[in-house]
Amino acid sequence: MLNQKPIYFLPTPHYKTNTILIRFIQPFEPKQVNERVLLPQVLLSGSRDFPSKQAIQYQSDVLYGSDIQAHITRVGNTSITIFQISFLQQRFVKEPNFYDQILAFLHSMIFRPRLFQNRLIKKTIEQERRLLKENLQAVYNDKLEYSFQRFREHMFQNESYATPESGVLATLHHVSQASMQQCYNDLINHSFVEIDLSGSQDLEQWIPKIETLFQPTKPYVSFQWVDREMSNRSEVQQIKETLPIKQSRLYLGYRTQTYINDEDALALRVLNVMLGDFDQSFLFQVIREQLHLAYYVQSSLFLGKGFISIMAGIDPSKAQMALENIQAIVAKIQSGDFSDEDIALAKNYLAEQEQRAMDMPGAQMHRHFIHRHIFHQPYSIQTFFEQLFVIHRDEIKRVANKLKLDTIYLLTEDEHDQ
Amino acid sequence: MISKSYRNVDEVLYETRLPNGMKVVILPKPGFRKKSVSLMVPFGSIHTQFQHNFTKEVLQFPLGIHHFLEHMLFESPDRDITRKFSEANASVNAYTASNRTVYFFSTTDDLEKPLTHLLEMVYFPTFEDSLIDKEQQIILQEHQMYQDDPDQQMYYTFMRSLYENHPIRFETLGTEASIQAINAAHLQLAYEIGYHPSTMTLLVVGDVQLDEMESMLGGYPYLNHIPKPLEYTPLLHQETVQIAVPKQVISVDTAIPYVDLGWKLPQEWLQDPTQKAALEISLNFLIEMLFGRQSDVYHKLLQKQWMNENFEYYVLIEEDYGYIRFHLETNVPHALIQELSSILQSIDINTIPEKLFSANRNRLIGSYFRIFNRIDSLASFFTDVLIKGFDVDLLMERAVHIEKSLFQPYVEWLKTATRCELIFSNSAENKGSSE
Chain A
82 MLNQKPIYFL PTPHYKTNTI LIRFIQPFEP KQVNERVLLP QVLLSGSRDF PSKQAIQYQS
142 DVLYGSDIQA HITRVGNTSI TIFQISFLQQ RFVKEPNFYD QILAFLHSMI FRPRLFQNRL
202 IKKTIEQERR LLKENLQAVY NDKLEYSFQR FREHMFQNES YATPESGVLA TLHHVSQASM
262 QQCYNDLINH SFVEIDLSGS QDLEQWIPKI ETLFQPTKPY VSFQWVDREM SNRSEVQQIK
322 ETLPIKQSRL YLGYRTQTYI NDEDALALRV LNVMLGDFDQ SFLFQVIREQ LHLAYYVQSS
382 LFLGKGFISI MAGIDPSKAQ MALENIQAIV AKIQSGDFSD EDIALAKNYL AEQEQRAMDM
442 PGAQMHRHFI HRHIFHQPYS IQTFFEQLFV IHRDEIKRVA NKLKLDTIYL LTEDEHDQ
Chain E
16 MISKSYRNVD EVLYETRLPN GMKVVILPKP GFRKKSVSLM VPFGSIHTQF QHNFTKEVLQ
76 FPLGIHHFLE HMLFESPDRD ITRKFSEANA SVNAYTASNR TVYFFSTTDD LEKPLTHLLE
136 MVYFPTFEDS LIDKEQQIIL QEHQMYQDDP DQQMYYTFMR SLYENHPIRF ETLGTEASIQ
196 AINAAHLQLA YEIGYHPSTM TLLVVGDVQL DEMESMLGGY PYLNHIPKPL EYTPLLHQET
256 VQIAVPKQVI SVDTAIPYVD LGWKLPQEWL QDPTQKAALE ISLNFLIEML FGRQSDVYHK
316 LLQKQWMNEN FEYYVLIEED YGYIRFHLET NVPHALIQEL SSILQSIDIN TIPEKLFSAN
376 RNRLIGSYFR IFNRIDSLAS FFTDVLIKGF DVDLLMERAV HIEKSLFQPY VEWLKTATRC
436 ELIFSNSAEN KGSSE
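Chains as they are written, first to last, in the working numbering: chain A, 82 to 499; chain E, 16 to 450.
Do not take every clue at face value.
Stated by the list, open to error - Reference listing, derived: stretches of chain A covered by chain E, where coverage requires no fewer than 3 residues with Cβ under 8 Å from a Cβ of chain E:
(1) 214-226
(2) 323-337
To be verified - List of simulated lysine to any residue pairs, SDA-like, C-alpha gap at most 20 Å:
(3) K327(A) / D166(E)
(4) K175(A) / K128(E)
(5) K203(A) / K262(E)
(6) K214(A) / T154(A)
(7) K128(E) / Q434(A)
(8) K327(A) / L285(E)
(9) K262(E) / A432(E)
It should be emphasised that the hints constitute simulated quantities derived from the structure, not laboratory data. The C-beta atom is built at its ideal place from N, Cα and C for all residues, glycine as well.
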């Protein structure tokens, strides 16, 4: 396997479409966050062959709606720019050179950008900056997303994780033609390129051509897939903010002190499900079903950063009551007060989710990716089941006792509205 | 079972009707692990009035009863229904829309147990006062959550601006007062009238064997029981031609002002399902060409910075109403409305190049194939098609054979029809910044 190029094929013949997904992997760089969000959008605004958004849209329409999608994600301290295209399998289209057109289209978007005097076009950058600005402003309208962002900024205020990978409004005006060009050069010349393919068997014979066009490469550095940065907090931070809203949003942020590549990570996943990630969880059953305090309440686990956030949408007058009850539920689990049936339901839920992911090429590609880089062994659902079902209640109790409450954040109505 | 093959997309669908009148539709999808089962009841928030078929007596239901009923079907004094599903490795959920309530579960495991739970929850509900009180509080929380969502608020304000009489004006959840007033008698009556087996459809999508499904469904005695005949029919609504509130500016707490433009479709276009299916495809296609992401208008407005890429349009065609809605984010709402208005006046279908026309047709064809990639998208697509009585093959054929000449009457109508203009705006600048 030593000389094998990082290009992987997943057969999914029961689908109508094929997918090509290209990852550009780089270390996370807080100073370049806006440029990295903007770059794929700028590239998808025009290339030498398809010089405008309109021309690109036309081409993707001609190719039966083969839109190219691009976005950036963060795993630990690593940032990944993903370009992907999904297109009909050859058996459904008449055009004999259909796959050639698809490859040329994708290649053009990434490797043949529209330039003026060797730089990305200023007007395009300005336009994408304006659109990003409005999207970042619009987060305010989605109170769930807005409150999570505020919570995150407070909990991780002295850590790089406070910087949202979706872009930072306050520094958006620093983006320049030069900084964008630098960002593009870094992407093309200094990142590790990996390719995932999925679809009909005939796609496999295209691998050599895809290799030549997109040049997948081995990493030149080892990436940090886990972000362990943690500022010391001697006591629990409590923050309250107000807005003219009807429903309060309450967050409790716990440090898990367990990360994705730790041995007890899977036990933590079981714990999180049991605590609040499905409709039989303690939080859902007690906070919603018994006490009727919330329409929604959920816990979410972030293994790349090592925290759990518990979030509830509640009546402003009941915030304190909800807070006390949520903490009581966590304490109850920490004391080991849960049944074997509770554990079995949570494990079965995780197993069922894993089965469902087998139907989704995107989810499969992601699992293979994580296993290659973080677990250093191939992904297999059987191995996952074997590891899951041997987890003992003591292990769950142990990870529960590593939970440390860090931040309580409440977004609630303006005082004068009460 | 009757089979129907869709040659264009290489799929076969099976249909049958059980002795109690419930329709069963099965779409086998070998190779997928997930199986999805939906039970659709054509009882949604616009079905507020029912008329007795002989006495002509009219029953009026309280607002929000459909959604309340949906919540109550998950409640039982002697068993924990969602837990039963979880124990069978299935996850269950439901939603209430304007024209239907749908209960559904999915699993990668055996179908029999969760199917039994699904049928039992829908066929044998109970309405106990203590459970009604509990659910009332949860629904009020849900109602409160939507009050903070400007998108939801805009949608309902838009509906109230467009419609004078039709109950699509009202929120699916009802009002705070109507939710609080709902009692066991209301729920019982709504259930008896709205949930007649002969109107329901059971849709199964996934890797299933037909003979196994048939023998499974034969195992429920109550599905073989012939119910008393359907006595009530939902009343269709007479909507006026004019727009309820043609122009309106509302001050709300939003990061970026919103603009909605809307048109009510003429009643005479909404006569039968075939006509409606053709109308839905044609209008979507026309608007996509005129205002979609490949149109000159779209890119001109983007470059002028008069809107952003969150521009959406909706063509909705239902039982007794239909509308077109444009939804835009803009910092210059008044100027944008004026510009769109003059663009609409000058539409000329003949100026659209033939190659854009065929590109758009390719996109539409591609979109049908993509639906078949996911069990979930298939289930929701077929739910919609079955409720509306559309024929899937016809949709595909229409898409393939769509022609420019079809559009002229719609273009003429768009130029002259009265429309609704709604602005949600906030004078405070720079909302949403994190400082």
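- Query: What are the numbers of the hints that this structure violates, sorted from low to high?
  - Reply: 4, 5, 8
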